[in-house]
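Novice: Listed below, chain by chain, are the residues.
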Amino acid sequence: MAYALQQLINGVTLGMIYGLIAVGYTMVYGIIGMINFAHGDVFMIGAFLSLISLTLLSVLGLSSVPLALALTLVFAAGIAALYGWTIERVAYRPLRGSFRLAPLISAIGMSIVLQNFAQVSQGARVKPIAPLIPGGIQLMNVEGFAVQLSWMQIVIVVTTLAVLGVFTYLVSATPLGRSMRACEQDQKMAGLLGIDTDKTISLTFVIGAALAAVAGLMFLLYYGVIDFFIGFVAGVKAFTAAVLGGIGSLPGAVLGGLAIGLIETFWSAYFSVQYKDVAAFSILVIVLIFLPTGLLGRTDVEKV
Amino acid sequence: MSGPLLKLSGVTAFYGAIQALKGVDLEVAPGEIVTLIGANGAGKSTLMMTICGSPHARHGQILYDGRDITALPTHEIMHMGLAQSPEGRRIFGRMTVHENLLMGAQVVAMRNYAATRDLVFTLFPRLKERLAQRGGTLSGGEQQMLAIGRALMSQPRLLLLDEPSLGLAPLVVRQIFGAIRQLNRETGLTVLLVEQNAFQALRLAHRGYVLVNGAVTMAGSGAELLARPEIRAAYLEGGH
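Chains as they are written, first to last, in my numbering: chain C, 1236 to 1539; chain Z, 35 to 274.
Where hints are given, some of them may not hold.
[What the hints assert, rightly or not] Only pairs whose alpha carbons sit at most 20 Å apart, straight line, appear in this in silico SDA-like list of lysine to any residue:
#1 Z:K56 with Z:N247
#2 C:K1434 with Z:Q140
#3 C:K1423 with Z:R92
Don't read these hints as lab results, they were simulated from the structure.
Just chain Z, with the same shape it has in the complex (with noise of 0.2 Å):
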């Protein structure tokens, strides 16, 4: 393995006035689920949006495959091999499940489609099911699926995911976890996730990392976190 896919240094983010990540340091290598845990508005999502350049990072580097992104503009940066999907999934309502997958597509020009899509409709079988139906009309669970199909569409080599357990289904959170497992072990991709579902994420994920107030607290291994005291009292009790 050479260098890390993703590597942010001293990264900070501000909404307004409110300074939203205060130096963050991580690393994600080619390859790994690492996932990103901690409370409702710890900054988790900024993160992900900030990795993306919206909003820009403050301070501080972000490398993406050795290149620094920090100022790029977003369009630019997702056309590095990168997709999010997003928190709140941000479907297009008023757009038919096959023009939410060709939209994912665009960036890389229409290449591979048919078989991407294949491969999309291989884990989330429902979405060829929906291929006509609005995105607005979906299901919350379907509308996941179709987010992160979406993501998928561009053939990235990492993917962000946000959160995609929120307000879903126990069995709906499983057929999604284990996509994500099968596309990691079978085609190499690497996954940024992610999760207020701590237990769950971080058995799926090689490493992890706690957010707290804007700040990196812990990383780990998924198994050396969910064995620590704090992560259990702070995150799992009362949790599965």
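Next comes chain C alone, as it looks inside the complex (with noise of 0.2 Å):
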């Protein structure tokens, strides 16, 4: 019971991570229909800039940790916003219109430029973070097994919550949110409001890469090692879990972020840690077989 409480927290923090991420590709899918599978080495990205950033303050003499995590989470969003929208209009805007998988083609591209950019500028070798937030709260301890609440996971799991509410609010009640909601929905109506659809789709992969960026900050601070590899393999869950919640919706890819977090943590914790991704895609597979259009998918009924 204990163990199994112990695994819930693991995974709902591991989960929130995915979540964010999975946000990203479900916003892209939504509106311009296309797998970003640049959006995963956009989260490495930004967890490569957390490092930089973290260690350049504390070089800099910075002590206090609330102020250093917050300084960082702005710089690494804010430049990954700016990687967002640069692969948007170098890899993807000059082949709207083109066929289908022209611009799926080109993000597996970016995906490993980004990749060996990473390699060769920050090295192959991991890269390690010296815990910034040890200790937490005991929450119960049986017969010695001690569950753990660490400090570093209710940041995880508190930065995200918020972060997702500013996105939610940004989405549901403002503006913006209703021109990304209406390109999603008819582009050529939305241009016909006067919409600028080709800004909205860019602000769309700022903010997807900005919310990456998070993710890799949180992913670094709750493994405290990176590499220039993180990003496939997360990005690749984070798809699953977009898939999994409905790809489009974005209540869908926070719930599915959480179910394959949870799913890991698990299947690791019960069978064998060496088969987690395989419990984790498995999921994919069965999913898609028996419910096509995921956990929240839409099945659209449009009147004519």
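Assembling the complex is the task here: the two chains are given apart, and the hints tell you how they should meet.
Specialist: Here is the structure:
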């Protein structure tokens, strides 16, 4: 029981990170109908930007951890947003109106470019970071097994929820969010209402990349090590989360992320760690067979 | 009256390799209701979309309020005081009626939002009752009202209305045509109306154009066109 509770805590923390990344996949899919395979690598870039920022701040002698984290969050999200904008501009926009596979191939190319860029500029070895927020609360102690809720986990979950809250408000209640949803449903009509659809698509990439960078920071804090390849596995899992939740659905992406995080954690705890990825991806296959639209996917009935 | 509000000269447009418009000349003066009638596939809807730059005209010139808008991107054109209620209504089905109306007002940054919304509610009281409902769950007639209402939310000088009567019950058609007439009389709104319901459209409009295979073949006042035997034969017989 205590062991399961611990896994639940770990799984939710991991699921939050996946959820943040999955939102970027689902947003881009919603608006231009393509899977942005470079998104996982933007997450990786975000993790490296966070590492650079935290290292710089500590060299500069900043001792306040909350302040360092806040500055890093803004820095990593800002620069990653620039990456997102550039990627769309360089690799996807010129191919709009081309055949459907073209941007997909271009996205895979972009993913390789980003990985190699990080490998060359940052080196291929794993980069560690000292734990920033040590300690935690002991929730219970059953026969020598202590259930720990670390401060780090609390920070990750709270930050993720706050970021998702801001993001949800942005999408559901602001003119920009409405424009994004309008472009998602009918780009031509959005244009007829005076919306600059190219700009709206750019902003979608910018927001998605910023969220991925936040996930990158959380990942760095949680695991303490990163390398140039983390974007691939995390990206594929977040993509699985997006599909599981119903691609195109924002709450679905978060729900899917939580589900994948929990499945992975519980599988590792009760079966074998080696097969945790197999478990996560098996879920994808099963969902695609029995629930092709995902958990919260749309089954639209549009009237004519 | 000064010059025309909208003036097309020699406009051609293509969908891929197919030429949909073959040199269209057309004028709409401020305060006028002008209708464009023609058979299915004559290019009426293409003409409406070409005015809005989607697709762009390949040859010829489109002047709006004296300014050349031929090559401008759609979203810039729509910032100049035109609004379109397009073919097929194109309601945002997963947004509420309220959000659909907000989308219409976004182009003018919500200026006079409350007053314009009240005007739309006066014309179409049904929309007020359905405010929190999703666009996709409305009936066809309600969707049409919403499409027109959404276009009006941008407080346009020129309203482009594409087939507002398509598939609607006669009572609803009468209500929508009444609303167009009322807007034109009371606010001086200029309207370019595409209709397959030629009889009603010609009675409502000051002037009309007949489009055949992407070219204008006849033009004249509504009453004139209604009296022409070839119009009666082609578009009205068997109709109303």
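Novice: When the structure is checked against the list of hints, which entries are broken? Sort them ascending.
Specialist: When the structure is compared with the hints, none of them turns out to be violated.
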